[in-house]
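Student: For any residue, its number in the numbering used here is found by taking its place in the sequence shown, counting from 1, and adding 149.
If you're looking for bench data, these hints aren't it; they were derived computationally from the structure. Take the hints with a grain of salt, since some may be wrong.
Listed next, the in silico DSS-like pairs over lysine-lysine satisfying Cα-Cα at most 30 Å (straight line) [said to hold, decoys possible]:
#, residue 1, residue 2
1, K356, K327
2, K517, K491
3, K486, K517
4, K359, K427
5, K516, K526
6, K469, K516
7, K491, K516
8, K248, K411
9, K541, K485
10, K526, K469
11, K469, K499
12, K499, K356
13, K480, K469
14, K480, K516
15, K469, K486
16, K485, K499
17, K356, K187
18, K485, K356
19, K508, K480
20, K469, K508
21, K359, K480
22, K187, K263
Label pairs and their calculated CB-CB ranges [what the hints assert, rightly or not]:
#, residue 1, residue 2, range
23, N552, K517, 58 to 64 Å
24, S412, N552, 22 to 28 Å
25, S412, T161, 28 to 34 Å
Computed from a prediction, not measured in an experiment: that's the story for all the values here. We put the CB at the ideal spot given by N, CA and C, even for glycine.
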Amino acid sequence: MSTIDWIILSSTLLFIVTYGVWKTRGSKNVDDYVGGGKDAKWWTIGLSVMATQASAITFLSTPGQAFHDGMGFVQFYFGLPLAMVIICLVFVPLYHRLKVYTAYEFLEGRFDLKTRSLTAILFLIQRGLAAGITIFAPSIILSAVLGWDLRTLNVIIGVLVIIYTVSGGTKAVSVTQKQQMFIIMTGMFVTFFYILGYLPADIDFSKALKIAGASNKLQILDFSFDTSSRYTFWSGITGGLFLALAYFGTDQSQVQRYLSGKSLRESQLGLIFNGIFKIPMQFFILLVGVMVFVFYQYNPSPLNFNPSATNAVMESVYAKDYEILQEGQAKLEEEKKMAQNKFSAALELKEYTAVEEAKQQIIALNKKDSTNRAAAKALISQADSVVETNDKDYVFIHFILNNLPTGLIGLL
Numbered sequence: 150m151s152t153i154d155w156i157i158l159s160s161t162l163l164f165i166v167t168y169g170v171w172k173t174r175g176s177k178n179v180d181d182y183v184g185g186g187k188d189a190k191w192w193t194i195g196l197s198v199m200a201t202q203a204s205a206i207t208f209l210s211t212p213g214q215a216f217h218d219g220m221g222f223v224q225f226y227f228g229l230p231l232a233m234v235i236i237c238l239v240f241v242p243l244y245h246r247l248k249v250y251t252a253y254e255f256l257e258g259r260f261d262l263k264t265r266s267l268t269a270i271l272f273l274i275q276r277g278l279a280a281g282i283t284i285f286a287p288s289i290i291l292s293a294v295l296g297w298d299l300r301t302l303n304v305i306i307g308v309l310v311i312i313y314t315v316s317g318g319t320k321a322v323s324v325t326q327k328q329q330m331f332i333i334m335t336g337m338f339v340t341f342f343y344i345l346g347y348l349p350a351d352i353d354f355s356k357a358l359k360i361a362g363a364s365n366k367l368q369i370l371d372f373s374f375d376t377s378s379r380y381t382f383w384s385g386i387t388g389g390l391f392l393a394l395a396y397f398g399t400d401q402s403q404v405q406r407y408l409s410g411k412s413l414r415e416s417q418l419g420l421i422f423n424g425i426f427k428i429p430m431q432f433f434i435l436l437v438g439v440m441v442f443v444f445y446q447y448n449p450s451p452l453n454f455n456p457s458a459t460n461a462v463m464e465s466v467y468a469k470d471y472e473i474l475q476e477g478q479a480k481l482e483e484e485k486k487m488a489q490n491k492f493s494a495a496l497e498l499k500e501y502t503a504v505e506e507a508k509q510q511i512i513a514l515n516k517k518d519s520t521n522r523a524a525a526k527a528l529i530s531q532a533d534s535v536v537e538t539n540d541k542d543y544v545f546i547h548f549i550l551n552n553l554p555t556g557l558i559g560l561l
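With the hints as constraints, model all of the structure from the sequences given.
Tutor: Right, dumping it as structure tokens:
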């Protein structure tokens, strides 16, 4: 990153922390620290709930998920709106009536202290593991930018997060998440339009969608009962519903967000806000990943987007084999580019037989691409069994660092 990017990044972080400190300057008791002062408006609750669930993983990994597997992941969230309605009607009124700070206080009243302690301990273990994964995302970014050891960055970021959350409490986290969501979503929208601008002059958004569709990246709904499919409409409605009920209804990281509401109605409206806008947000982020896929149909891409993985294999005895794969991939990308141009030209001329022929050629080339990338992962694993070969977390950050203008990189 350039000096300007570092200035923007540092200024953004400083502003968010300063704003959080200023907004929580009057916090003097447990109600302020744990309950956030019970004065949050519904939009603050809604954005905070969305930001708590999303974290950096959503904005870093989800585009990579779409790059590799398409839009089908959005089905995972189909049960969420129904879960929000159930929580608003059942969970939230109960918590407000009992005036609890945590979901586990209810269990103590309903059962006993042992039950509360057990569930609280299980939550802390689960949340600790989940927080580790959440912290892993920004560590990946800084590791790619700075070249520092990933484990060291995990520890540094973890310590900073602990200091901020412990010193500021619930309110410090909630009030700053609005700014974080605004910055992130603004950056995502700007990036989306930059991607479209980087495509060839004759490829508009409509054609880009058709190009993505030819590679099966736009299949959103899967109504099959195939148990081997990770994401289907039915698993999203059923599994997504119960997962959302458990997460938003009992996970303290979410419960404390809506318990900080000024009233029962504010808490309920905040959750309904999340239920309405969560799926469109995920849809858009996946769409950004699909557009990154289209971008790399016309521009060279690495065999593996994880720079640490590439460095590991290039510094091993398998370097020559990897170079051969890279040469083959470069030729394959030229073939894919020509096939995409044929597909685009046939669409323009409405020659549907030629469109179908080009589509079949693209599908065949994509299979070769997948084979090459699988072979690259195998070589990387042989060179270094520890390094991560699954590169979906690195796709979007690679695009950002190598294609976006100075300033926007620092903001994202």
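Student: Decide, hint by hint, whether the structure agrees.
Tutor: Structure-based check of each hint:
Straight-line distance between C-alpha atoms of K356 and K327 comes to about 35 Å, which puts the hinted pair past the 30 Å bound. Taking the CA atoms of K517 and K491, the gap is about 18 Å. The hint holds against a cut of 30 Å. Only pairs whose Cα atoms come within 30 Å are accepted, and K486 paired with K517 is accepted, the gap being roughly 14 Å. This hinted pair checks out: K359 and K427 have alpha carbons roughly 25 Å apart, not beyond 30 Å.
Using a Cα cut-off of 30 Å, the hinted pair K516 and K526 holds, with the two alpha carbons roughly 15 Å apart. Between K469 and K516, the direct Cα distance comes to roughly 23 Å. Compliance with the 30 Å bound is thereby established for this hinted pair. At roughly 18 Å between alpha-carbon atoms, K491 and K516 fall within 30 Å of each other, so this suggested pair holds. For the proposed pair K248 and K411, the alpha carbon gap of about 12 Å is at most 30 Å, so the pair holds.
Taking the CA atoms of K541 and K485, the gap is about 21 Å. The hint holds against a cut of 30 Å. In summary, the hint linking K526 to K469 is supported, as the alpha carbons are separated by about 15 Å, within the 30 Å threshold. For the hint linking K469 to K499, the alpha-carbon distance of about 45 Å lies beyond 30 Å, and the restraint is violated. Restraint check for K499 and K356: satisfied, since their Cα atoms lie roughly 13 Å apart, inside the 30 Å limit.
Restraint check for K480 and K469: satisfied, since their Cα atoms lie roughly 17 Å apart, inside the 30 Å limit. Taken as a hint, the K480 and K516 pair is honoured in the structure, with Cα atoms around 14 Å apart against an allowance of 30 Å. Proximity of K469 to K486 is assessed by CA-CA distance (about 26 Å); at most 30 Å being required, the pair is judged to hold. For the hint pairing K485 with K499, the CA-to-CA distance comes to about 21 Å; that is within 30 Å, so the pair holds.
For a cut-off of 30 Å, the pair hint linking K356 to K187 is broken: about 50 Å separates their Cα positions. As the CA atoms of K485 and K356 are separated by approximately 16 Å, the hinted pair is consistent with the 30 Å bound. Note on K508 and K480: the hinted pairing holds, with a Cα-Cα distance of about 19 Å set against a maximum of 30 Å. About 33 Å separates the Cα atoms of K469 and K508, which puts this hinted pair outside 30 Å; it is violated.
Between K359 and K480 the alpha-carbon distance is near 24 Å, which keeps this suggested pair within the 30 Å criterion. For the hint linking K187 to K263, the alpha-carbon distance of about 28 Å falls within 30 Å, and the restraint holds. The given range of 58 to 64 Å is broken by N552 and K517, whose C-beta atoms sit roughly 25 Å from each other. Separation of S412 from N552 is about 46 Å and departs from the stated range, judged on CB atoms against 22 to 28 Å.
Between S412 and T161 the CB atoms are about 32 Å apart, so this pair conforms to the stated range of 28 to 34 Å.
In the structure shown, a violation is registered for the earlier hints numbered 1, 11, 17, 20, 23 and 24, in ascending order.
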